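Q: First to last, the protein sequences are chains A and B.
Quick note on this note's numbering: the first sequence kicks off at 1 and runs consecutively.
Quick note on this note's numbering: the second sequence kicks off at 1 and runs consecutively.
Check each hint, because a few of them may be wrong.
Chain copies aren't distinguished; within one or between two, either way the pair holds.
Here are the simulated EDC-like cross-link-like pairs (lysine to aspartate or glutamate), alpha carbons at most 20 Å apart as the crow flies [said to hold, decoys possible]:
1) 275 <-> 259
2) 106 <-> 39
3) 89 <-> 71
4) 89 <-> 77
5) 2 <-> 86
6) 81 <-> 159
7) 120 <-> 77
8) 298 <-> 63
9) 81 <-> 107
10) 120 <-> 259
11) 268 <-> 141
12) 81 <-> 117
Simulated from the structure, these hints should not be mistaken for lab results.
Just so it is clear, the structure is predicted and the values come from calculations on it, not from any experiment.
Protein chains: 2
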Amino acid sequence: MKIVTLAGGVGGAKLAHGLAQILKPEDLTIIVNTGDDFEHYGLYICPDLDTVCYTLAGIANPETGWGRADETWNAIENLSKLGGPDWFKLGDRDLGTHLERTRRLKEGFSLSQITRDFCKAWGIQHTVLPMSDRPVRTFVETQEGELAFQEYFVHRRCEPRVKGFWFDGVDKAEPVRGAREAIQSADAVVICPSNPWVSIDPILATLTPFPLSGRGVGVRVVAVSPIIGGQAVKGPAAKMYRELGIEPSALAVAKHYRDILTGFVLDKVDADLEKQVQGLGVQVFVTNTIMKSHEDRKQLASDVLSFIGTDL
Amino acid sequence: MKIVTLAGGVGGAKLAHGLAQILKPEDLTIIVNTGDDFEHYGLYICPDLDTVCYTLAGIANPETGWGRADETWNAIENLSKLGGPDWFKLGDRDLGTHLERTRRLKEGFSLSQITRDFCKAWGIQHTVLPMSDRPVRTFVETQEGELAFQEYFVHRRCEPRVKGFWFDGVDKAEPVRGAREAIQSADAVVICPSNPWVSIDPILATLTPFPLSGRGVGVRVVAVSPIIGGQAVKGPAAKMYRELGIEPSALAVAKHYRDILTGFVLDKVDADLEKQVQGLGVQVFVTNTIMKSHEDRKQLASDVLSFIGTDL
């Protein structure tokens with residue numbers, strides 16, 4: 001079975017890792033959000049891409065889900081002492097990634113080439129693609145004005161009330177080379193349990209007009225809800241739904257994707273929503289979707305693949 | 001007594017530290033070579049300036065003389081694994097300095113402002129000045145062609161045979177603000193035991209036409225020889241003299257500076273050169289000039305100040 005998965009940060013990285021434990025390298029392509037990439041200290045930083053790669057390589061920090069295991073913080077400690085902005089946590093090992101990526105970008109290599117080389121160096125065999133080699137930048141419209149994504153997410157800790165989102169550069173950003181082919185030859189696209197507004201929407205907006213629409217006309221699209229029991233497993237997704245006037249729930253997530261969705265994976269906690277999601281014309285699979293252990297990741301990936309294996 | 005001292009890297013930093021242990025903050029100005037500054041990974045790196053500041057702040061690596069104490073190397077370890085150039089040793093704590101300096105330069109602050117702020121953060125009370133706020137770049141003419149200084153010094157480990165030196169940008173580089181005033185009001189300029197060709201000459205070339213010429217017409221200038229018993233205490237100074245066809249010796253160093261020198265400090269090992277140096281019209285002081293301990297630094301500084309205190 002050939003799968004393309006769309007992933008944001010921590011939740012996306014976990015399910016992608018689960019899928020990578022089951023699928024052969026040539027059968028899994030992971031397309032990662034780069035809408036929250038930004039420049040900081042002159043370094044080109046790709047938080048979601050790094051989280052996915054570190055997770056696949058087994059070098060992610062197991063406690064935070066992002067950043068590196070066995071990390072040290074000496075550079076930022078010194079930075080901070082010198083009065084530099086220290087709101088974005090730059091670990092020392094992680095810095096090596098940003099420095100080398102930035103150096104190669106300046107030499108003219110594309111982000112996808114660099115990602116391929118980094119994956120090779122880290123022993124990652126499955127294909128990891130940034131959604132585009134051109135910059136797309138997520139901006140958050142808030143009641144305090146427009147904020148660049150990391151400014152909203154990290155610096156302001158998602159405090160400002162959200163009014164909407166937009167993706168700067170998306171009109172000019174071609175999808176990364178290989179994404180079209182991977183999707184067209186895939187048995188299904190799996191949308192990871194990442195934030196629909198700021199992790200998955202930027203990817204979908206960049207991939208448009210790809211043949212993502214399901215319902216028999218294109219490739220099958222299965223999403224795993226990042227909202228369980230009305231709460232986001234991690235991050236501000238539920239808060240965003242509330243601030244936008246939508247009750248946060250797995251149903252709201254299914255509605256979010258309804259135009260492209262053929263299948264939806266609900267957590268057991270939300271089994272009571274099954275009928276309502278089916279009412280959207282979407283098939284439903286109910287299972288445990290919380291990924292605490294490596295085994296959970298593999299189990300959820302296995303469940304998703306079984307679901308796709310049925311005549312979805 | 002008011003002193004201006006001209007310093008390169010490790011040897012310069014040690015004597016500057018010795019002087020700082022004796023002189024009041026308002027009585028010591030340290031003008032540091034920036035000819036070996038360079039850009040690496042997009043970072044603006046000032047090796048001599050950092051060595052001097054780290055040494056004065058008591059945070060230098062006591063074994064190497066350069067870099068930070070208690071340093072970690074996680075960023076470069078990752079860089080190296082990713083295939084990035086790793087010939088210049090970037091420590092993690094040190095990286096914080098380069099990142100914040102680069103950020104501030106891009107914001108429009110001058111190197112001297114940044115240095116002043118960093119000194120304050122590190123608790124350095126004496127005045128440390130980069131020789132200029134404009135870039136001056138030392139190039140080494142070798143038998144293999146022209147090499148940028150760090151390329152010659154670190155990457156090629158001083159192996160190529162030297163034919164000469166030149167300082168790119170020196171014509172347009174004004175001396176840093178405050179240097180002129182400090183020298184004019186100083187009782188003496190002390191040239192540290194740094195490499196004459198690549199640490200002190202760039203400073204002198206940048207300060208020209210300052211009233212450095214001694215012999216009664218300007219400020220007194222006292223140099224401490226970096227060559228002892230025909231050997232450089234550290235670095236390629238002796239090798240450079242040999243490759244340029246000059247026998248390396250303290251006498252050769254005194255001759256190097258003869259146009260501006262009023263006094264010269266010889267190591268006891270070179271006491272036999274006293275008469276020959278005096279023959280250049282230069283007063284001589286003989287003492288121990290090897291600085292192994294903090295006490296050695298202070299003792300040499302004290303000896304140099306006593307020498308200046310005589311009617312030099």
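Q: Each of the hints needs a verdict: does it hold here or not?
A: Here is what the structure says about each hint:
In the homo-oligomer, the alpha carbons of residue 275 and residue 259 lie at most 20 Å apart inside one protomer (18 Å), although the nearest pairing across protomers, at 94 Å, exceeds that limit. In this assembly of identical chains, residue 106 and residue 39 lie within 20 Å of each other by CA distance both inside one copy and across copies; the values are 13 Å within and 13 Å between. In this assembly of identical chains, residue 89 and residue 71 lie within 20 Å of each other by CA distance both inside one copy and across copies; the values are 11 Å within and 19 Å between. Both within a single protomer and between protomers do residue 89 and residue 77 lie at most 20 Å apart by alpha-carbon distance, with minima of 10 Å and 19 Å respectively.
In the homo-oligomer, the alpha carbons of residue 2 and residue 86 never lie at most 20 Å apart, since the shortest distance is 42 Å inside one protomer and 39 Å across protomers. In the homo-oligomer, the alpha carbons of residue 81 and residue 159 never lie at most 20 Å apart, since the shortest distance is 26 Å inside one protomer and 38 Å across protomers. Taking the closest pair of Cα atoms, residue 120 and residue 77 come within 20 Å of each other only across two copies (16 Å); inside a single copy the shortest separation is 31 Å, beyond that limit. With identical chains, the CA atoms of residue 298 and residue 63 are at most 20 Å apart within one copy only, with a shortest distance of 18 Å there and 49 Å across copies.
Within a single copy, residue 81 and residue 107 get their C-alpha atoms only as close as 32 Å, which misses the 20 Å cut-off; across copies the closest is 18 Å, which meets it. Taking the shortest Cα distances, residue 120 and residue 259 never come within 20 Å of each other, neither inside one copy (36 Å) nor across copies (59 Å). With identical chains, the CA atoms of residue 268 and residue 141 are never at most 20 Å apart, being 34 Å at best within one copy and 73 Å at best between copies. Proximity of residue 81 and residue 117 under a CA criterion of 20 Å is satisfied inter-copy only: 11 Å between copies versus 35 Å inside one chain copy.
Consistency note: the structure conflicts with the earlier hints numbered 5, 6, 10, 11.
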